[in-house]
Amino acid sequence: MSYARLIIPEGTQVCFLIVENNHEKTVCSIINDFKARVSPAEVVYTVEPVLGIASARNHVLNYAVDHGYDLLTFADDDEQVEPQWLMELLKERDHLDLDIVGAPVRFAPPEGKLSFWQRIVWQGVDKVNRNAENRSIKKRDEGKAGQLKLATGSWMGNLDFFRSTGLRFDAALGQAGGEDWQLWAEAKALGAKTGWTPHAIAYETVPASRLKLSYYYRRNRDHARTVHLERMKNQKSGSLWRTFKSVLSRVYKVLVGSLLLPIYRERGLLTIAANLGSLVGFIDGARGKKSMHYVDIDGY
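For the sequence shown, the working numbering begins at 408 and goes up steadily by one.
Worth flagging that the hints you see were computed from the coordinates, not collected in a lab.
Built from N, CA and C at the ideal position, the CB exists for glycine as well.
For each label pair, taking beta carbons as the anchor points, the in silico distance ranges come out as:
| no. | residue 1 | residue 2 | range |
| --- | --- | --- | --- |
| 1 | L647 | V434 | 40 to 46 Å |
| 2 | K652 | T453 | 39 to 45 Å |
| 3 | Q491 | N538 | 22 to 28 Å |
| 4 | A579 | K432 | 25 to 31 Å |
| 5 | R526 | P669 | 17 to 23 Å |
| 6 | L655 | R537 | 24 to 30 Å |
| 7 | Y659 | T453 | 46 to 52 Å |
The calculated DSS-like cross-link candidates involving lysine-lysine, where the alpha carbons are at most 30 Å apart (straight line), are:
| no. | residue 1 | residue 2 |
| --- | --- | --- |
| 8 | K619 | K652 |
| 9 | K640 | K600 |
| 10 | K640 | K697 |
| 11 | K498 | K442 |
| 12 | K556 | K697 |
| 13 | K640 | K696 |
| 14 | K498 | K595 |
| 15 | K652 | K551 |
| 16 | K545 | K556 |
| 17 | K551 | K534 |
| 18 | K551 | K595 |
| 19 | K660 | K696 |
| 20 | K442 | K432 |
| 21 | K556 | K600 |
| 22 | K619 | K696 |
| 23 | K652 | K545 |
| 24 | K551 | K640 |
| 25 | K546 | K600 |
The task is simple: from the sequences and hints, build the whole structure.
Dropping the structure here:
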């Protein structure tokens with residue numbers, strides 16, 4: 408319940424909108440407990456019967472637009488945010504007059520005793536994620552934060568931009584995932600000014616069921632399928648050639664990763680699994696296979 412500790416700027420009205428991606432409400436007791444913790448802030452609890460993350464996110468976005476709010480933030484239901492999270496997102500948005508601003512999502516250490524292989528995967532996942540955060544910080548320091556792809560795990564959007572453009576998440580992706588990066592790309596094409604701050608930190612809970620090389624293989628496979636199909640939809644000419652180059656790139660990365668495994672160890676194992684998944688995913692995409700990454704849900 409990290410939102411109960413959230414620092415709310417003076418003069419700011421906050422509404423917590425919780426959308427259950429289901430045909431009926433099933434977590435009323437949890438929501439009532441949440442309302443008590445964040446009182447006097449408003450809490451709205453609704454359902455989105457159309458399955459898919461994009462549909463649920465659009466439900467939130469449409470509600471915020473229709474009810475006249477100025478800004479919208481997203482954090483996932485398996486995340487905790489630091490008390491200054493909202494303040495830091497606002498600070499970055501206001502300082503640079505951004506349409507969309509993102510921030511890092513770190514992995515919280517898993518609870519309970521881990522097996523040998525789970526510890527190996529956890530160490531690899533944590534290193535890869537922290538290296539990605541450091542690269543983002545470097546880009547920002549170089550004045551290139553607008554080039555960073557923004558996911559919605561820690562995110563703020565200026566609703567005037569979405570009102571004027573009509574931009575929404577692509578519900579056609581269904582349960583494939585990747586709708587947040589696609590929204591960022593489409594927003595950039597529409598002229599959005601985007602940025603990133605390292606100071607608004609969220610922490611994702613990593614369940615033990617995800618501490619497997621097979622999970623990261625599957626995740627990257629499914630993402631690559633989506634990337635290829637979006638390429639084909641948006642730019643058919645040259646898409647197969649781009650996919651062929653992507654396949655060659657993954658083959659190269661798997662080979663190099665295998666050679667350097669004694670040096671990079673945990674991170675190297677994860678990189679090999681991820682690139683193998685991506686390699687297979689691009690081939691699957693070229694054969695017309697679609698991602699259904701979120702059909703089977705694990706975690707919390």
